[in-house]
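From first to last, the protein sequence lines stand for chains A and V.
Following UniProt numbering, the numbering of the first sequence begins with 1 at its first residue and continues without gaps.
Following UniProt numbering, the numbering of the second sequence begins with 1 at its first residue and continues without gaps.
It is possible that some hints are incorrect.
One copy or any two copies: either way a pair holds, since identical chains are not told apart in the list.
Said to hold, decoys possible - Taking lysine-lysine and the PhoX-like style, the derived pairs with C-alpha atoms no more than 20 Å apart in a straight line are:
| # | residue 1 | residue 2 |
| --- | --- | --- |
| 1 | K178 | K224 |
| 2 | K109 | K49 |
| 3 | K13 | K224 |
| 4 | K178 | K129 |
| 5 | K49 | K122 |
| 6 | K178 | K122 |
| 7 | K178 | K109 |
If you are wondering where the hints come from, they were derived from the structure by calculation, not from laboratory data.
There are 2 protein chains.
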Amino acid sequence: MTTPDDVKKAPAKDPWDLPDVSGLVVGVLGGTGDQGRGLAYRLAKAGQKVIIGSRAAERARTAAEELGLGVEGADNAECARRSDVVIVAVPWDGHAKTLESLRADLVGKLVIDCVNPLGFDKQGAYAIKPEEGSAAQQAAALLPESRVTAAFHHLSAVLLSDPEIAEIDTDVMVLGEKRADTDIVQALAGRIPGMRGVFAGRLRNAHQVEALVANLISVNRRYKAHAGLRVTDV
Amino acid sequence: MTTPDDVKKAPAKDPWDLPDVSGLVVGVLGGTGDQGRGLAYRLAKAGQKVIIGSRAAERARTAAEELGLGVEGADNAECARRSDVVIVAVPWDGHAKTLESLRADLVGKLVIDCVNPLGFDKQGAYAIKPEEGSAAQQAAALLPESRVTAAFHHLSAVLLSDPEIAEIDTDVMVLGEKRADTDIVQALAGRIPGMRGVFAGRLRNAHQVEALVANLISVNRRYKAHAGLRVTDV
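Construct all of the structure, not just a fragment, from the sequences and the given hints.
This is the structure we're talking about:
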């Protein structure tokens, strides 16, 4: 059967050999939601300039004021325009519609999709497979002039938002088509103490990374945990 | 957006509170392949009675002799009949056909499917989604009178087979419908030094666990690694 071992050709890449991203402005669409706000908090705390986006500018400004740390709030379109890197942390339900409406504002931007398409029933969570293959591929299809990547899927919003938690003990799987882009996303993840960005393939393999959140929900339920993932031997 | 956090109801489960499985006979269908042989080696080394199965009994016996450690070889049907727990480590191509032919031999058995349906092209590996949802769900559909679980998807055959490697630094995600069954699989995983079994949901969430091997192949290629996964906070 198939195993993860593979022929090695190019020289090994050091997962910490990454560009300096400290000067980039990071926007967070859906930044008033739990996950978005938690990410905004951690990135701002790490010294990144962060702009929270929301459909209602006022709500974004209120959330930004609560976070402090120089975080600003704006409506989604302004958030996208003013940012170099734009994290998409909106609910799956509004994913396509939000991105379509921001297509012009996101031209040329590095987009990081972290949306997990999931359904819930009595047995818990289950994965939804979007027609495009994954939320990330849907974003890439809707934003042909943006640089779409996927990352930050497996983070606990509870841990991200808890100021008593100093380090987030997890690796972040980063997917994308261009190494220059995935390197930037890995570097951003690496700015958050405890976190490390690890390249984990092209967007066509994003679905299983998004869907794995259903499994982490099962883990969390059984073990009363806020599970994260570490990639060993890297 | 959805995060892995979830309401906690039942009391937390200790991931090491598991049954004694040291007396169970473990069969490995496809035990002459890289992954199957590696698993057979590790389980036998941990003290488990192991029977390697293959289509050709002679090939299974040769592989068993090479491994030593009391491992026996047999054709797949005898391997299934004589085992309490049967690991399915056959190539995806032969998965359905092999299981169909062994339906009677596998009645009542605890089956552990570790097959990863993948395709390969110039860009590397990609996930294949079986009609039934996953290889594990295909096994469950074909073996209605067996107790089908899924586990051992993310293991490096290179590390498993290397006698100089003392510990396999990875958690094993275990999926299944019945806690009594998944507990046994977790306990088996836990017998291998360095390894730990972690419950990770029902079979309907097996696809993404199988498919994640495509991502680990990307990780291995970029970092020249034999990547495994650890679940943090458990």
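Each hint tested on the structure:
1. K178 - K224: This pair counts as between: shortest inter-copy Cα distance 19 Å, intra-copy 37 Å.
2. K109 - K49: within (16 Å within a copy, 57 Å between copies)
3. K13 - K224: For K13 and K224, the Cα distance is within 20 Å only across copies (8 Å; inside one copy 36 Å).
4. K178 - K129: neither (24 Å within a copy, 26 Å between copies)
5. K49 - K122: Cα proximity of K49 and K122: none, with 41 Å in one copy and 39 Å across.
6. K178 - K122: between (40 Å within a copy, 16 Å between copies)
7. K178 - K109: within (13 Å within a copy, 47 Å between copies)
Checked against the numbered hints above, the structure violates hints 4 and 5; every other hint is satisfied.
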